[in-house]
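Residues per chain, in single letters:
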Amino acid sequence: MPVPEISERFSGSVNRITLGATKENGGTRTSTVTIGGASNVVYGGSSADAGEKPVIAMDVLDSKPEDWPDVLLEPYKDVLDSPGDWAKKCVEEFGAELICVKFEGIHPDKGDKDAAHAIKVTEEVLKAVGVPLVLWGCGNDEKDNQVMPKVSGAAKGEKCLTGAVTEDNYKSLTAIALADGHYLITQAPLDINIAKQINILASDMGFPLERIVTFQSTGALGYGIEYAYSIQERQRIAALTGDKMMAMPVICDVGYESWRAKEAKVTDAPDWGPAEDRGPAWEIATAVCLLQAGVDIIRIRHPRAATAVNNFINQVWQK
Amino acid sequence: MILIAERINGMFNDVKQAIADKNKKVIQDLAKKQTEAGASYLDVNVGTAAADQEGTIQWLVETIQETCSTPLCLDSQKPDVIAAGLKVINTENGVLLNSTPLNKKSDEEVFDKYMEMANQAGPKANLIALTMDKNGVPQDTDTRVAIAAEIVSKAMEKGFDTQRLFIDTIVLPVKVPNAQSQPGNILAAMDQIKYLSDPAPHMTIGLSNLSQGASERSLINRVFLAMAISRGLDSAIADVFDQALMNVVATSDLLMDKQIYSDSFLKVYSSANKG
Numbered sequence: 001m002p003v004p005e006i007s008e009r010f011s012g013s014v015n016r017i018t019l020g021a022t023k024e025n026g027g028t029r030t031s032t033v034t035i036g037g038a039s040n041v042v043y044g045g046s047s048a049d050a051g052e053k054p055v056i057a058m059d060v061l062d063s064k065p066e067d068w069p070d071v072l073l074e075p076y077k078d079v080l081d082s083p084g085d086w087a088k089k090c091v092e093e094f095g096a097e098l099i100c101v102k103f104e105g106i107h108p109d110k111g112d113k114d115a116a117h118a119i120k121v122t123e124e125v126l127k128a129v130g131v132p133l134v135l136w137g138c139g140n141d142e143k144d145n146q147v148m149p150k151v152s153g154a155a156k157g158e159k160c161l162t163g164a165v166t167e168d169n170y171k172s173l174t175a176i177a178l179a180d181g182h183y184l185i186t187q188a189p190l191d192i193n194i195a196k197q198i199n200i201l202a203s204d205m206g207f208p209l210e211r212i213v214t215f216q217s218t219g220a221l222g223y224g225i226e227y228a229y230s231i232q233e234r235q236r237i238a239a240l241t242g243d244k245m246m247a248m249p250v251i252c253d254v255g256y257e258s259w260r261a262k263e264a265k266v267t268d269a270p271d272w273g274p275a276e277d278r279g280p281a282w283e284i285a286t287a288v289c290l291l292q293a294g295v296d297i298i299r300i301r302h303p304r305a306a307t308a309v310n311n312f313i314n315q316v317w318q319k
Numbered sequence: 001m002i003l004i005a006e007r008i009n010g011m012f013n014d015v016k017q018a019i020a021d022k023n024k025k026v027i028q029d030l031a032k033k034q035t036e037a038g039a040s041y042l043d044v045n046v047g048t049a050a051a052d053q054e055g056t057i058q059w060l061v062e063t064i065q066e067t068c069s070t071p072l073c074l075d076s077q078k079p080d081v082i083a084a085g086l087k088v089i090n091t092e093n094g095v096l097l098n099s100t101p102l103n104k105k106s107d108e109e110v111f112d113k114y115m116e117m118a119n120q121a122g123p124k125a126n127l128i129a130l131t132m133d134k135n136g137v138p139q140d141t142d143t144r145v146a147i148a149a150e151i152v153s154k155a156m157e158k159g160f161d162t163q164r165l166f167i168d169t170i171v172l173p174v175k176v177p178n179a180q181s182q183p184g185n186i187l188a189a190m191d192q193i194k195y196l197s198d199p200a201p202h203m204t205i206g207l208s209n210l211s212q213g214a215s216e217r218s219l220i221n222r223v224f225l226a227m228a229i230s231r232g233l234d235s236a237i238a239d240v241f242d243q244a245l246m247n248v249v250a251t252s253d254l255l256m257d258k259q260i261y262s263d264s265f266l267k268v269y270s271s272a273n274k275g
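For the record, the sequence lines run as chains Z and R.
Residues in the first sequence are numbered consecutively from 1, following the numbering used here.
Residues in the second sequence are numbered consecutively from 1, following the numbering used here.
Because the hints were derived from the structure by calculation, they are not lab data.
Each residue gets a CB set at the ideal place from its N, CA and C atoms; glycine is no exception.
Among the hints, erroneous ones may be present.
[Claimed, not checked] Between beta-carbon pairs, the in silico distance windows are:
id, chain 1, residue 1, chain 2, residue 2, range
1, Z, K156, R, D263, 54 to 60 angstroms
2, Z, S11, R, D21, 37 to 43 angstroms
3, Z, D191, R, T48, 52 to 58 angstroms
4, R, D80, Z, G242, 55 to 61 angstroms
[To be verified] With a straight-line Cα cutoff of 35 angstroms, these simulated DSBU-like cross-link-like pairs (lysine-lysine) come out:
id, chain 1, residue 1, chain 2, residue 2
5, R, K175, Z, K244
6, Z, K120, Z, K53
7, R, K78, R, K124
8, Z, K120, Z, K110
9, R, K113, R, K267
10, R, K175, Z, K171
11, Z, K150, Z, K244
12, Z, K88, Z, K262
13, R, K124, Z, K53
14, Z, K244, R, K134
15, R, K16, R, K158
16, R, K267, R, K78
17, R, K25, Z, K244
18, R, K267, Z, K53
19, R, K78, Z, K244
20, R, K87, Z, K171
21, Z, K110, R, K105
22, R, K87, Z, K244
23, Z, K244, R, K32
24, Z, K171, R, K16
25, Z, K64, Z, K244
26, Z, K23, Z, K64
27, Z, K171, R, K267
28, Z, K244, R, K105
29, Z, K77, Z, K53
30, R, K175, Z, K156
31, R, K134, R, K87
32, Z, K262, Z, K156
33, R, K105, R, K33
34, R, K175, R, K87
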């Protein structure tokens, strides 16, 4: 049966964003990453309508992870104590174009490290790699409000993607991201109405809509992926039909969510196949599925998953 | 909702006076303010303000385009006046020709003329066609639908994309004796018109006409607008300065699932609409 040609056209498009500031733009990055720009659904329209290729952000934690399974620790075993070296490894060995520094260790329950630590990590990573950075807080409002403005300041002018802000906690991070020239992640708990509202709230503070990336929350394969998929699809359709409050590129956190799945981390399950394959496979399946809905940045943890998802992206987003 | 802002019309005294004085500022201010209020198109109607309708519509179009790139809706029952407007308009912004009946006693081919002008004006030119023919404005539902069907089939025959077609079911003042059954007939006609093609033609109405001469004009307008939107109306020539009306549009879009809900939905409606 021939595949029908989809000729539907839309009036709007996803905002195009370039992360990272090189020397000419007042930063120290040696490369930039441009995302967004889609003016049709994935596979719809011409190849020009597809916009920029989605990009993988490889996760680097500010502190040695406490709860990662061995399969995931293995590729990073010699760099787990040094975020700078960790980031360097992701870029030089695994080809990362974007690094996501996740400040887990500042969370009151996971080390409660202070702003001085977070600043040091930020500076180390900025020095170690030339790719643009995502700087992501720990999710504890009080601690994020204390520490993340300092992190933002340490990377001032580098055009990083910072966040995430929520409907209940957005003012200080939004203000500092605006002042320091960064981009902002607005986060909603799998709720399209709150997703729109938080964009409006940030916009009301004078933050340009064109500098926002939305995070709808992610569900992994078997753990709510259908909710994440349908919300991301709905946001993409809203962007394409001209809703300026929903026209932002999208980030999703495949790495963290996939490695929470028991299928990814349980080792004592001979019927499930080799443990070293399952985790990366869970990330790959989750990422490839969500990419169909319209996603622009995917956080990934295992290098094998990064390679496979990159291959997929390169095949689908051919020019 | 595709809102066509109604204020640049020679029937209004300030516009009439501006045309007489060649006062550009009044016109340009109206263009700017209506755009900011959320207009998708600005209606341009010379009305009875000048004897030279062709020259006047050209002056209005040029005056607006000096400071504003909102698409214009050229409003005249005379093909020559529309043609004059089209000569000076920037069709790149989009344009809506307003409007033609199916046919007239004096001109059987009037619809074809308007369609041809829209075609000549390029792919961003759309056309409003009235459910009206040489026998006048129909009073019942069935004749309205029959005329709309003929309009749609004529457009299809000529390869005119039905998505460029706006069917205007003609709203009569509710205060006119014996006209009170008309709003109901129009709604019933809309139920059928939306199935005439796939995708459906747009449907529009000259909303303010409904409350002509009546008390509680704004209330009458906005209640009928909400009723009509629920039947598939997706456009109206209306007073975009009527904030209560605009709130009804924003809320109706929400309830028809055309906008994603957010707690600030009223506030963002016009800014999201402006592009």
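Now for the hints, and whether the structure bears them out:
Restraint check, Z:K156 to R:D263: a C-beta distance of roughly 33 angstroms breaks the suggested window 54 to 60 angstroms. Our hint of 37 to 43 angstroms for Z:S11 and R:D21 holds, since their Cβ atoms are close to 39 angstroms apart. For Z:D191 paired with R:T48, a C-beta distance near 54 angstroms keeps the hint of 52 to 58 angstroms intact. R:D80 and Z:G242 have their C-beta atoms about 35 angstroms apart, which leaves the hinted 55 to 61 angstroms range violated.
With a C-alpha separation of about 41 angstroms, the suggested pairing of R:K175 with Z:K244 is violated against the 35 angstroms cut-off. Of the pairs offered as hints, the one joining Z:K120 and Z:K53 holds, with about 32 angstroms between alpha carbons and a cut-off of 35 angstroms not exceeded. A C-alpha spacing of about 21 angstroms is found between R:K78 and R:K124, which places the hinted pair at or below 35 angstroms, so the restraint holds. A distance of roughly 18 angstroms separates the Cα atoms of Z:K120 and Z:K110; the hinted pair therefore holds under the 35 angstroms criterion.
Taking the CA atoms of R:K113 and R:K267, the gap is about 42 angstroms. The hint is violated against a cut of 35 angstroms. Proposed proximity of R:K175 and Z:K171 is contradicted: the alpha carbons are some 53 angstroms apart, above 35 angstroms. As the CA atoms of Z:K150 and Z:K244 are separated by approximately 31 angstroms, the hinted pair is consistent with the 35 angstroms bound. Straight-line distance between C-alpha atoms of Z:K88 and Z:K262 comes to about 30 angstroms, which keeps the hinted pair within the 35 angstroms bound.
The straight-line distance between the Cα atoms of R:K124 and Z:K53 is roughly 31 angstroms, inside the 35 angstroms bound, and the hint therefore holds. For a cut-off of 35 angstroms, the pair hint linking Z:K244 to R:K134 is broken: about 44 angstroms separates their Cα positions. Straight-line distance between C-alpha atoms of R:K16 and R:K158 comes to about 38 angstroms, which puts the hinted pair past the 35 angstroms bound. Of the supplied pair hints, the one linking R:K267 and R:K78 is violated, its CA atoms being roughly 39 angstroms apart against a limit of 35 angstroms.
With a C-alpha separation of about 31 angstroms, the suggested pairing of R:K25 with Z:K244 holds against the 35 angstroms cut-off. Only pairs whose Cα atoms come within 35 angstroms are accepted, and R:K267 paired with Z:K53 is accepted, the gap being roughly 34 angstroms. For the suggested pair R:K78 and Z:K244, the alpha carbons sit about 38 angstroms apart, so the restraint of at most 35 angstroms is broken. Using a Cα cut-off of 35 angstroms, the hinted pair R:K87 and Z:K171 is violated, with the two alpha carbons roughly 52 angstroms apart.
This hinted pair does not check out: Z:K110 and R:K105 have alpha carbons roughly 84 angstroms apart, beyond 35 angstroms. Taken as a hint, the R:K87 and Z:K244 pair is honoured in the structure, with Cα atoms around 33 angstroms apart against an allowance of 35 angstroms. This hinted pair checks out: Z:K244 and R:K32 have alpha carbons roughly 20 angstroms apart, not beyond 35 angstroms. Taking the CA atoms of Z:K171 and R:K16, the gap is near 50 angstroms; set against the 35 angstroms cutoff, the hint is violated.
In summary, the hint linking Z:K64 to Z:K244 is not supported, as the alpha carbons are separated by about 40 angstroms, beyond the 35 angstroms threshold. Restraint check for Z:K23 and Z:K64: satisfied, since their Cα atoms lie roughly 31 angstroms apart, inside the 35 angstroms limit. Straight-line distance between C-alpha atoms of Z:K171 and R:K267 comes to about 19 angstroms, which keeps the hinted pair within the 35 angstroms bound. For the given pair, Z:K244 sits about 47 angstroms from R:K105 by alpha-carbon distance, which is inconsistent with the 35 angstroms threshold.
Simply put, Z:K77 and Z:K53 have alpha-carbon atoms about 31 angstroms apart, close enough for the 35 angstroms limit, and the pair holds. With a C-alpha separation of about 65 angstroms, the suggested pairing of R:K175 with Z:K156 is violated against the 35 angstroms cut-off. For the proposed pair R:K134 and R:K87, the alpha carbon gap of about 29 angstroms is at most 35 angstroms, so the pair holds. For the hint pairing Z:K262 with Z:K156, the CA-to-CA distance comes to about 39 angstroms; that exceeds 35 angstroms, so the pair is violated.
This hinted pair does not check out: R:K105 and R:K33 have alpha carbons roughly 39 angstroms apart, beyond 35 angstroms. A threshold of 35 angstroms between alpha carbons decides the hint, and for R:K175 with R:K87 the separation of about 39 angstroms lies outside it, so the pair is violated.
Hint compliance for this structure: hints 1, 4, 5, 9, 10, 14, 15, 16, 19, 20, 21, 24, 25, 28, 30, 32, 33 and 34 are broken, all remaining hints hold.
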